[in-house]
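S.K.: What follows is the residue order along each chain.
Protein chains: 2
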Amino acid sequence: MEINREVSKLQYSLIRALNEESRKYADAIDLTIGEPDIPSPKELVMETLKYGAEHQLRYPPTGGGEKIRALVAAYYNRKYDSSYVSDNVVINVGASEALSSCLRTILNSGDEVMVPVPFYPGYPPMINLCCAETVFMDITKTDFKITSELLEKNYSDKTKALLLSNPCNPTGNVLTLEEMNAVADFIEKRDIFLISDEIYSELSFYDFHSFSSFEKVKDKLIIINGFSKSHSMTGWRIGYTIFPLEYRKYFLNTTLYTLSSPMALSIAAAEAALEIFEDRRELMNIYKKRALYMKNALTKLGFKVVEPKGAFYIFADYSQISELDSFDFAIDMLKKVQVAVVPGISFGIEKYFRISLTVDISKLKEAVKRIGKYVEENNKK
Amino acid sequence: MEINREVSKLQYSLIRALNEESRKYADAIDLTIGEPDIPSPKELVMETLKYGAEHQLRYPPTGGGEKIRALVAAYYNRKYDSSYVSDNVVINVGASEALSSCLRTILNSGDEVMVPVPFYPGYPPMINLCCAETVFMDITKTDFKITSELLEKNYSDKTKALLLSNPCNPTGNVLTLEEMNAVADFIEKRDIFLISDEIYSELSFYDFHSFSSFEKVKDKLIIINGFSKSHSMTGWRIGYTIFPLEYRKYFLNTTLYTLSSPMALSIAAAEAALEIFEDRRELMNIYKKRALYMKNALTKLGFKVVEPKGAFYIFADYSQISELDSFDFAIDMLKKVQVAVVPGISFGIEKYFRISLTVDISKLKEAVKRIGKYVEENNKK
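As you go down the protein sequences, you meet chains V and X in turn.
Under the numbering used here, the first residue of the first sequence is numbered 5, with each subsequent residue one higher.
Under the numbering used here, the first residue of the second sequence is numbered 5, with each subsequent residue one higher.
This is chain V alone, in the form it adopts within the complex (with noise of 0.2 Å):
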């Protein structure tokens, strides 16, 4: 029988295709996935089931109760000099489903959004799922960086928002201010919202802006974030929205009629995390060690490399090297010296791979002489 029609085009993830590949090989180095390789902090997670042994645990007040919706407002506030309440957030089942949910509530069929590339793999298909249409962004050409020009250059009267990872994934940049007064003031001329994918905001190696410090935004401004990637909770499954208070029925009808009501555990663990381990410097510092590790590394091999500022992920050029497309590259790479990663076209541009900075050092020098030998053997032909 005919399904949903958006549905049937769907490509199942290339990164978790490729993770899946990478596990016929025993011995493969996989630097795939996005998933921390640091466990949650004990104490959170003792503290969290110590509340699951003492607690029945019933429906939670749909989009989250007040108690971690106000410790959400006020962590942003007090990192970014916003003045949100309670009611400017939503409680989701992790960064995924408030995305998803995020596009669902505001979306309609031929909405456009604009999104730079490369990007996050999961965005045009919940796009797509919204019947809404992606516009492609390309910002290689302007050294990663977002401008007034290409901003206006993309828009239509059809834009209905501007979808911005920021620290970014897969490239690990991060926005300066310059990017981020552009795009304000981009925004701010237009009826248009700005959807802000803030989840590795904890894990900037500089500075950090979150758009909730911009003023002038801040009635079209919806973020997105969560705990996967600052606590390593990613099975946990427990992000949030950050959305102007006007809209909040909305948001909130939107998550009634998906989930009822987010995981009571999760919000034990979330509420947890705010009030007890609200500083992840030192989480920040072994990512940002990896990363200058491998940035380096991978220079050295003549890959040309992202810097990188933020998040877990190298980005790197490999053209130097090959010439093969992305996915034959990561293919014959996990062939020929056991290290799998992915490809450029997963995030929309060919001649680049994505590396996962989540797993330790040690196992990163050992990739680093694996990819060697690769570029080594490929340089002989």
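The set of hints was computed from the structure by calculation and includes no laboratory data.
Take every hint as true, because none was put in to throw you off.
Which copy? The list can't say, so a pair holds if one copy fits it or any two copies do.
When the alpha-carbon atoms are kept at most 30 Å apart in a straight line, the in silico BS3-like pairs for lysine-lysine are as follows:
{"#": "1", "residue 1": "Lys54", "residue 2": "Lys71"}
{"#": "2", "residue 1": "Lys308", "residue 2": "Lys149"}
{"#": "3", "residue 1": "Lys253", "residue 2": "Lys28"}
{"#": "4", "residue 1": "Lys28", "residue 2": "Lys340"}
{"#": "5", "residue 1": "Lys28", "residue 2": "Lys373"}
{"#": "6", "residue 1": "Lys220", "residue 2": "Lys145"}
{"#": "7", "residue 1": "Lys13", "residue 2": "Lys162"}
{"#": "8", "residue 1": "Lys46", "residue 2": "Lys71"}
{"#": "9", "residue 1": "Lys145", "residue 2": "Lys293"}
{"#": "10", "residue 1": "Lys13", "residue 2": "Lys71"}
{"#": "11", "residue 1": "Lys253", "residue 2": "Lys339"}
{"#": "12", "residue 1": "Lys83", "residue 2": "Lys71"}
{"#": "13", "residue 1": "Lys28", "residue 2": "Lys71"}
{"#": "14", "residue 1": "Lys293", "residue 2": "Lys304"}
{"#": "15", "residue 1": "Lys222", "residue 2": "Lys13"}
{"#": "16", "residue 1": "Lys13", "residue 2": "Lys193"}
Based on the hints, put chain X in the right spot on chain V.
M.R.: Below, chain X alone, put in the same frame as chain V:
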């Protein structure tokens, strides 16, 4: 700014509104929300928390891992003599997300879904969010029975699915084999899905048959179920969908681009539920006792009560007692005798109200006393 047109038309849940209203009365007996009062099995919770203490919770595979999916398939096969394998199953964030994602997977704009009235209040909004239409099939004139005539009458060339709640929320009815045969014959002849919401299956007081026993609908049957009601695990948000194998990739893609993965610890809890706590007869008998008590008590007071056969609801016709519309009736009873019930209009029909049997029998007795007082005072007028 304009948001999604279907979202903008949604009403917030009347049940939740009544529940919130009832909290204004210190002494109110709240019979609104369908949330079990009997806690989850203690050992199930402790087993699960132990798993959480011993494992870092990582992203589960999209749609859930092999173990839980195989357990669900085996459970259905054992109980209903079906022949499912693990790939017939995806794991969801509760039955709500299971149904919401199911509808998003199969419906296109303009499709029709046949739904018996009275209906679970979440159904029409979930269908609307897919830009599809609910065709309301009134079963009040056939003594709450589904007949071939009703099915034929409400079918059109836009029909994409028939959606049934069995055991039924709000009536507590359970489909007879005769009705199920009529449904199966109807589905067999047509290119439409049968969506069977069996979330209350373990809480059937007498015989319960699942459509999964019906060979003739095998290639069109989608089952929604979960652990919220059978194991009082509402706050854990864990449910599942069973579908014909050929649709696996579609269900998987919808859940991938909605949730990424379900919650790891809730999966562990669901595994424990099926491995250690499958037999729910003790729990069922508690609700059955309450249902029979309440049915008799309300009948004596002059209400016409639908015979309860499962779930934990009483659905009663108050037209002999009051001429008010159901919303006003519910508010009036709350004000005068502090008993909160859900008006029939929430489920699509007037002159009825629903009671949740999720308080203990002593509280139900107190509620009956109060309702009796209300009836008496009403008769004096």
